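Protein chains: 6
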Amino acid sequence: MPQPDHVTALAPADEATLPDELVPYFQKCRDKLGFVPNVLQAWLLRPEKLRNFVRLYDELMLGPSGLSKLEREMIAVVVSSWNRCYYCLVAHGAAVRRLSDDAQLGEMLAFNHRVADLAPRQRAMLEFAWKLTATPHEIGQPDRDALGQQEWTDADIFDIAEVTGFFNYTNRVAHAVDMMPNAEYHGIVR
Amino acid sequence: MPQPDHVTALAPADEATLPDELVPYFQKCRDKLGFVPNVLQAWLLRPEKLRNFVRLYDELMLGPSGLSKLEREMIAVVVSSWNRCYYCLVAHGAAVRRLSDDAQLGEMLAFNHRVADLAPRQRAMLEFAWKLTATPHEIGQPDRDALGQQEWTDADIFDIAEVTGFFNYTNRVAHAVDMMPNAEYHGIVR
Amino acid sequence: MPQPDHVTALAPADEATLPDELVPYFQKCRDKLGFVPNVLQAWLLRPEKLRNFVRLYDELMLGPSGLSKLEREMIAVVVSSWNRCYYCLVAHGAAVRRLSDDAQLGEMLAFNHRVADLAPRQRAMLEFAWKLTATPHEIGQPDRDALGQQEWTDADIFDIAEVTGFFNYTNRVAHAVDMMPNAEYHGIVR
Amino acid sequence: MPQPDHVTALAPADEATLPDELVPYFQKCRDKLGFVPNVLQAWLLRPEKLRNFVRLYDELMLGPSGLSKLEREMIAVVVSSWNRCYYCLVAHGAAVRRLSDDAQLGEMLAFNHRVADLAPRQRAMLEFAWKLTATPHEIGQPDRDALGQQEWTDADIFDIAEVTGFFNYTNRVAHAVDMMPNAEYHGIVR
Amino acid sequence: MPQPDHVTALAPADEATLPDELVPYFQKCRDKLGFVPNVLQAWLLRPEKLRNFVRLYDELMLGPSGLSKLEREMIAVVVSSWNRCYYCLVAHGAAVRRLSDDAQLGEMLAFNHRVADLAPRQRAMLEFAWKLTATPHEIGQPDRDALGQQEWTDADIFDIAEVTGFFNYTNRVAHAVDMMPNAEYHGIVR
Amino acid sequence: MPQPDHVTALAPADEATLPDELVPYFQKCRDKLGFVPNVLQAWLLRPEKLRNFVRLYDELMLGPSGLSKLEREMIAVVVSSWNRCYYCLVAHGAAVRRLSDDAQLGEMLAFNHRVADLAPRQRAMLEFAWKLTATPHEIGQPDRDALGQQEWTDADIFDIAEVTGFFNYTNRVAHAVDMMPNAEYHGIVR
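Chains as they are written, first to last, in the working numbering: chain A, -2 to 187; chain B, -2 to 187; chain C, -2 to 187; chain D, -2 to 187; chain E, -2 to 187; chain F, -2 to 187.
Just so you know, these hints were derived from the structure itself, not from any lab. From a predicted model like this one, the values you see are computed outputs, not experimental measurements. Please note that the accuracy of each hint is not assured.
One copy or two, either will do: identical chains are not told apart, so a pair holds if it fits within one copy or between any two.
Simulated pairs of lysine-lysine, DSSO-like, Cα-Cα distance not exceeding 30 Å [as the list claims (entries may be wrong)]:
1) 66 <-> 29
2) 29 <-> 128
3) 25 <-> 128
4) 66 <-> 46
5) 25 <-> 66
Only chain A is shown next, with the shape it has when bound in the complex (with noise of 0.2 Å):
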């Protein structure tokens, strides 16, 4: 499947630039993945910020926390279907398949996660997440409740909300910048 014929639609960074300490990170990414992620292609046109954006995501999305992964991968689409953003819905819809082994939920997730067969605490999950995205300013004490009486903690809401604003910033760059998602993503897990 060809690539993208652009990264972004900024003048493309220079890999040269890339700060010392992740030269490994890239690396990996290679040894892992087969390509490095063009959202760090895209951070690297200001290589001081990469190094911030890199430690906040695996904290974010791989550290220790009452969301499961796939969750998190979960929420991460949810928000990218609401704005609308191809390259989230792609490279996210990916990791969901991927985490859950299932073709059709990052379909759905990312076409209208309404329709997918969940469990209550997970559609209670995506259901803050996605009020939160659409009209954040109506997020009120009932929606935490709604949250608590899932089981989900404290800790946990503030992991959801902050997952679910995490997106909100990096679809929005995204679109900013007309960033193109990885030819890659689209072959896992169909």
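Given chain A, work out where chains B, C, D, E and F should sit, using these hints.
Using the frame of chain A, we list chains B, C, D, E and F on its own:
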């Protein structure tokens, strides 16, 4: 002026969990501002995340950029205006007033940025931030071109996009946990 | 603090056209407030309409009602928040601060009224005003019942509706002519 | 045609409370129209407010202006169309049909004003009213300029803004109290 | 009453292209209604499609169903009200007036269906049609259950959905080609 | 890949009720596709309607037109993207992939059609379909002119409008009955 009766609606964090490396940071806040911003108290619920948040924030808002610190705060307020985020409007509205020494400018950006009599270059920056916040999937090449015509470079466009994205993230966390700003902000540059 | 460089974007009115009967009214403004509110200067473009406007306004906001003057100003600010009307947020935000002697309350109502810790009766009043402003055709009997359950009488409901309606009127005139508030409002009760 | 079974959802007003000075006004309605418009019956719940309402209304809709009476009624219908206000669409739709002697014009303005084959000057007036109703905070200098290019003066722009604002007020009161129009309107100029 | 000056904004169709099998159909329209509805003249631009359209329409609106013909026309008007479709509001508003012999009912459904004093079963039907038109992706099991509770069967729910869907189709074709209704509709049952 | 556990949320239809004339049609589906699309199973609840649906659909999507079959499927996907219709995004996304032999094109149109690198003529077609879906009452002569400038004829404009309208119909029926797509679609041209 009385402090709000809660920092967030979640269980309060215990400052004893503050990572050692951040102790001087909190102390610097107390020395310089007279208080630790509640956003840090809120993030302390997840101490390992607080560290990443502080690093990203300081680089984004205070590090080298083609945008002045005031311009970055202006974006913060305009994004928070769309999202109707009380915490960020209070805290970053105060920052705009302090950095500009203009008591009305913060009000204008918070209530309706279009009434402010800004240079065309700043107006273009804020229109981009507003549209990227409100309808991210409608941003396109004409919007990037409008920034370029005002002599914003590609690196600047990245920074405008990232600051805009970032406050769409923190606004949502603030709404999600009902974060309340320190009372001290209200009195700054009135 | 400097005055704005224009009262409206239209040709300025000449105070010589002020109807005789309103001369004492303008004088009273100067005596009590120290200035004539710009909304009156704006309406003076059509002097015969200014008279009716003043009468309606004074009865609506200062006349006998089941709503306190502060409550009427609270509605004014919440309606203006939805409509993002700079003039009315500044002028009536100041009125809320003055009547409540609470510097934060005006900010809360202007930025996001849901963060304010209000009595349920006032909260119901503001939720009605917000919905009637945002989606008037969705108001129905359940919304009126919610007011009745908070001991608002039918005459009170009429007054809540009328104050809400009235600021949807003046907000639109202010937007349409780019009306700017007097600088003095900014300093009141900070 | 049967009258509606209620004037409003609130307690009905008693005509005995009609202020003396308005007795001839109600009589004139009965003589000229054959009935007292229900909006007046509704406002009679607050008799002291009815007087101000009548004065403002008569000056606004019938007094001297650069807008013809028909043009003011056209704005009334277009604003009420956006707000989906049954009372005002029926009453002012009838007024448009009567003043224009054009049975289709009222329908067009009520259902979708863009299908009407209007002069560019009137079309500009209605587009301004529509936008000012729907998204007031997006009105700006280009919108005022578009009116000026159609030879609307500054005083006319004020009147267009005020009529537009006024029906955003009465539409909301009508929705809030479930006001029903007199049956007689339906039969006018069909 | 004058006919509109165009049927659509596209090149007019030539009735000579009418498929033979539809000649009696057009004749029946002229005999029964006194005219051929302009929607058929519009579709005649693509004669082979006209045939399918007529068949689908006649079964949908006139064939056997748990919904009365009036109920199907009520849905047509409510859908067209959301979509602000002039053609369908005029043509199907007339049908509601004719089938119900109630001159006000058509106005109510066209302007704001919630003011009509309907049986709960019909109200549930129209609320479903309204929501399915406005925000189709928010329809869920609770909405279907609300219909079931009003004794609508599964086949009825299918028919409600199909009539709602169908007018979302024809409304869009009418808007897309600027279709104008025959003048005769305006005079029916006033 | 497992089949979904339901075709719709309504009582399942019995294939014994299939009209005789459609038996070969279902057989042809099984021969060519390997399955009967669930949309046909859903419509079988009302067998007499299924016949009309099939005729209309086949003419619309497969009959002679100035739009290629792929172009019609592209519209189907873009309309379904706005409406977030899972069934149609899966089924017609697969059709776009199959007809274009481009695994990414279907994803682009489903997630955010503006990222696709299309010919201006097709882009104009999709922008028209998108706007006609989202805000039908805002379509006007400039939108039709934009199609004409890309050499779409009046008959083509009719077909673009009709395909757009049609998927606004079927999307709503699919949402209303919770229609689930056959699992086979997911594997096509990945």
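Hint by hint, here is what the structure shows:
1. 66 <-> 29: within (17 Å within a copy, 39 Å between copies)
2. 29 <-> 128: The answer is neither: 35 Å in one copy and 37 Å across copies each exceed 30 Å.
3. 25 <-> 128: The answer is neither: 36 Å in one copy and 37 Å across copies each exceed 30 Å.
4. 66 <-> 46: For residue 66 and residue 46, both the intra-copy (24 Å) and inter-copy (16 Å) Cα distances are at most 30 Å.
5. 25 <-> 66: For residue 25 and residue 66, only the intra-copy Cα distance (19 Å) is at most 30 Å; the inter-copy one is 35 Å.
Taken one by one, the earlier hints fail for this structure at numbers 2 and 3, listed in ascending order.
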